[in-house]
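J.: Here is how the chains run, residue by residue.
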Amino acid sequence: MKITVIFFAGAREAVGESDVTVELHENATANDVLDFFSSRFGAMKQIRPYVRVAVNQSYVLNDYALHDGDEVAIIPPVSGG
Amino acid sequence: MKITVIFFAGAREAVGESDVTVELHENATANDVLDFFSSRFGAMKQIRPYVRVAVNQSYVLNDYALHDGDEVAIIPPVSGG
Amino acid sequence: MVCIQEEKIDVQEILNSVIVPEAGGVDVFIGTTRNHSRGENVLALSYEAYVPMALELLRGIEKELHLRWNVHKVSIVHRIGDVPVTEASVVIAVSADHRAEAFSACRYAIDTLKKDVPIWKKERFENGEVWAENAEAKLAEKK
Amino acid sequence: MVCIQEEKIDVQEILNSVIVPEAGGVDVFIGTTRNHSRGENVLALSYEAYVPMALELLRGIEKELHLRWNVHKVSIVHRIGDVPVTEASVVIAVSADHRAEAFSACRYAIDTLKKDVPIWKKERFENGEVWAENAEAKLAEKK
Numbered sequence: 014m015k016i017t018v019i020f021f022a023g024a025r026e027a028v029g030e031s032d033v034t035v036e037l038h039e040n041a042t043a044n045d046v047l048d049f050f051s052s053r054f055g056a057m058k059q060i061r062p063y064v065r066v067a068v069n070q071s072y073v074l075n076d077y078a079l080h081d082g083d084e085v086a087i088i089p090p091v092s093g094g
Numbered sequence: 014m015k016i017t018v019i020f021f022a023g024a025r026e027a028v029g030e031s032d033v034t035v036e037l038h039e040n041a042t043a044n045d046v047l048d049f050f051s052s053r054f055g056a057m058k059q060i061r062p063y064v065r066v067a068v069n070q071s072y073v074l075n076d077y078a079l080h081d082g083d084e085v086a087i088i089p090p091v092s093g094g
Numbered sequence: 177m178v179c180i181q182e183e184k185i186d187v188q189e190i191l192n193s194v195i196v197p198e199a200g201g202v203d204v205f206i207g208t209t210r211n212h213s214r215g216e217n218v219l220a221l222s223y224e225a226y227v228p229m230a231l232e233l234l235r236g237i238e239k240e241l242h243l244r245w246n247v248h249k250v251s252i253v254h255r256i257g258d259v260p261v262t263e264a265s266v267v268i269a270v271s272a273d274h275r276a277e278a279f280s281a282c283r284y285a286i287d288t289l290k291k292d293v294p295i296w297k298k299e300r301f302e303n304g305e306v307w308a309e310n311a312e313a314k315l316a317e318k319k
Numbered sequence: 177m178v179c180i181q182e183e184k185i186d187v188q189e190i191l192n193s194v195i196v197p198e199a200g201g202v203d204v205f206i207g208t209t210r211n212h213s214r215g216e217n218v219l220a221l222s223y224e225a226y227v228p229m230a231l232e233l234l235r236g237i238e239k240e241l242h243l244r245w246n247v248h249k250v251s252i253v254h255r256i257g258d259v260p261v262t263e264a265s266v267v268i269a270v271s272a273d274h275r276a277e278a279f280s281a282c283r284y285a286i287d288t289l290k291k292d293v294p295i296w297k298k299e300r301f302e303n304g305e306v307w308a309e310n311a312e313a314k315l316a317e318k319k
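If you read the sequences in order, they're chains R, L, Y and F. Using this note's numbering, you'd call the opening residue of the first sequence number 14 and step up by one each time. Using this note's numbering, you'd call the opening residue of the second sequence number 14 and step up by one each time. Using this note's numbering, you'd call the opening residue of the third sequence number 177 and step up by one each time. Using this note's numbering, you'd call the opening residue of the fourth sequence number 177 and step up by one each time.
Chain R with its partners taken away, still in its complex shape (with noise of 0.2 angstroms):
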């Protein structure tokens, strides 16, 4: 299934990217999405302890199963206000 990612603040400044689109296997979770890039991207590795995943503009722990056309949000620790 595809899937878009956005990414923000130190998530997009590690993936040189504000938003990409993948491939994953159908029953991937937003964990999947995690290993996707911190496999690929030395910086993301480092942050991920520290990101929450929100799909579809709703936060989700990480073993959520996502679906075909999903939005994925990788979001840092937030520094509003």
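Derived by calculation from the structure, the hints in this document are not laboratory data. Small disclaimer: the values here were computed from a predicted structure and weren't measured. Some clues are possibly wrong.
Said to hold, decoys possible - Subject to a maximum C-alpha distance of 27 angstroms in a straight line, what follows is the list of computed DSSO-like cross-link-like pairs (lysine-lysine):
(1) F:Lys-249 x Y:Lys-184
(2) F:Lys-291 x F:Lys-314
(3) Y:Lys-298 x Y:Lys-184
(4) Y:Lys-184 x Y:Lys-239
(5) F:Lys-314 x F:Lys-249
(6) Y:Lys-298 x L:Lys-58
(7) L:Lys-58 x Y:Lys-291
(8) Y:Lys-249 x Y:Lys-291
(9) F:Lys-184 x Y:Lys-184
(10) Y:Lys-249 x Y:Lys-239
(11) F:Lys-249 x F:Lys-239
(12) Y:Lys-298 x Y:Lys-314
(13) F:Lys-314 x R:Lys-58
(14) F:Lys-291 x F:Lys-249
(15) F:Lys-249 x F:Lys-298
(16) R:Lys-58 x R:Lys-15
(17) R:Lys-58 x F:Lys-298
(18) F:Lys-314 x F:Lys-298
(19) F:Lys-314 x F:Lys-239
(20) Y:Lys-184 x Y:Lys-249
(21) F:Lys-239 x Y:Lys-249
(22) L:Lys-58 x Y:Lys-314
(23) Y:Lys-184 x Y:Lys-291
(24) R:Lys-58 x F:Lys-291
(25) F:Lys-298 x F:Lys-184
(26) F:Lys-249 x F:Lys-184
(27) F:Lys-184 x F:Lys-239
Put chains L, Y and F on the given structure of chain R with help from the hints.
T.: Positioned in the frame of chain R, the structure of chains L, Y and F alone reads:
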């Protein structure tokens, strides 16, 4: 001794004056001022349990000993804010 | 800065007086006059103050906030005279490095003002008028 | 009302949006950008947001305030892009019948915003730049 007594809000309306100069015996206290006006004005007697007294712009206890020339203020429950 | 004034309160001006480059957060409390009280419609509201004593107590509150919390600037402004419904009767602004201190100090300031500062509000209803009494002020008498 | 905007925040406009004739008190929190962080001078600050999700979470906070406290109106406005020192990055205003509720609800709103809402601040120093991380956001990960 001579002291000036000033009245605010409900106390002013009870006495019908905003300030009055009274002649009191030596050793008079804040309490004596309250006695003086409560005995003359029924409305003042009614609110007496609820008023606080300030002398020269500081709250005092009712047994505070007055001095010649003091400014005594009769302060009904406040409602600022 | 503390002030008692008859003019309408300019909140932006008060904010400007407390925001400093070192501060990270400002808490502002604004007391507005309400259109109802004791279950009746309030037609008009008027404040009076024992001005020199009220200013002295407000300066005391300002000083106490600096002693008890790590705050940068404090402004307390109270309006007297007629205050139309929805307009501010009091504005308290506190700037601090950290918001927890701004919130606590601002809350303490309005609580103390309501309890002790010699300012009175008269509420005018269709069937008469009455001097309001803050619940906090009534508790203070029992001490 | 919630809003994410690049324009300078107009505090008076936000106040006007929450003051209603029935409300007796308004608490306002204003987060301003500071000139120092991590012991260094901050030259410039810039915010970015995951805008649709941030707005959704801000609307959620607004709704939660109405459910948990007896509040009249809530406004939360966050600025993004460059925010010069002393200008407001966020303004939260809450009106209520009683000030205790305005204070608690406003405090809860800024605490939750700092913990969860996807907005990030980049601090630029003389020797480089860094993405700030709220202490509250780091705690949230451990859940």
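J.: Does each hint hold? Answer for all of them.
T.: We went through each hint and held it up to the structure:
1. F:Lys-249 x Y:Lys-184: Between Lys-249 of chain F and Lys-184 of chain Y the Cα gap is close to 23 angstroms, so the pair holds against 27 angstroms.
2. F:Lys-291 x F:Lys-314: Roughly 8 angstroms separates the two Cα atoms, so the pair holds.
3. Y:Lys-298 x Y:Lys-184: holds, 18 angstroms
4. Y:Lys-184 x Y:Lys-239: holds, 25 angstroms
5. F:Lys-314 x F:Lys-249: Roughly 30 angstroms between the alpha carbons, so the hint for Lys-314 of chain F and Lys-249 of chain F is violated.
6. Y:Lys-298 x L:Lys-58: holds, 21 angstroms
7. L:Lys-58 x Y:Lys-291: holds, 23 angstroms
8. Y:Lys-249 x Y:Lys-291: Cα-Cα ~22 angstroms, so holds.
9. F:Lys-184 x Y:Lys-184: Holds: Lys-184 of chain F and Lys-184 of chain Y sit about 24 angstroms apart, inside 27 angstroms.
10. Y:Lys-249 x Y:Lys-239: Answer holds: Lys-249 of chain Y to Lys-239 of chain Y is near 10 angstroms, not above 27 angstroms.
11. F:Lys-249 x F:Lys-239: Between Lys-249 of chain F and Lys-239 of chain F the Cα gap is close to 10 angstroms, so the pair holds against 27 angstroms.
12. Y:Lys-298 x Y:Lys-314: Roughly 16 angstroms between the alpha carbons, so the hint for Lys-298 of chain Y and Lys-314 of chain Y holds.
13. F:Lys-314 x R:Lys-58: holds, 17 angstroms
14. F:Lys-291 x F:Lys-249: holds, 22 angstroms
15. F:Lys-249 x F:Lys-298: Roughly 31 angstroms between the alpha carbons, so the hint for Lys-249 of chain F and Lys-298 of chain F is violated.
16. R:Lys-58 x R:Lys-15: holds, 22 angstroms
17. R:Lys-58 x F:Lys-298: The hint holds at about 21 angstroms.
18. F:Lys-314 x F:Lys-298: holds, 16 angstroms
19. F:Lys-314 x F:Lys-239: The given pair, whose Cα atoms are some 25 angstroms apart, holds under the 27 angstroms limit.
20. Y:Lys-184 x Y:Lys-249: holds, 22 angstroms
21. F:Lys-239 x Y:Lys-249: Roughly 33 angstroms between the alpha carbons, so the hint for Lys-239 of chain F and Lys-249 of chain Y is violated.
22. L:Lys-58 x Y:Lys-314: Roughly 17 angstroms between the alpha carbons, so the hint for Lys-58 of chain L and Lys-314 of chain Y holds.
23. Y:Lys-184 x Y:Lys-291: holds, 23 angstroms
24. R:Lys-58 x F:Lys-291: holds, 23 angstroms
25. F:Lys-298 x F:Lys-184: holds, 18 angstroms
26. F:Lys-249 x F:Lys-184: holds, 22 angstroms
27. F:Lys-184 x F:Lys-239: holds, 25 angstroms
The structure fails hints 5, 15, 21 (numbered hints given earlier, in ascending order).
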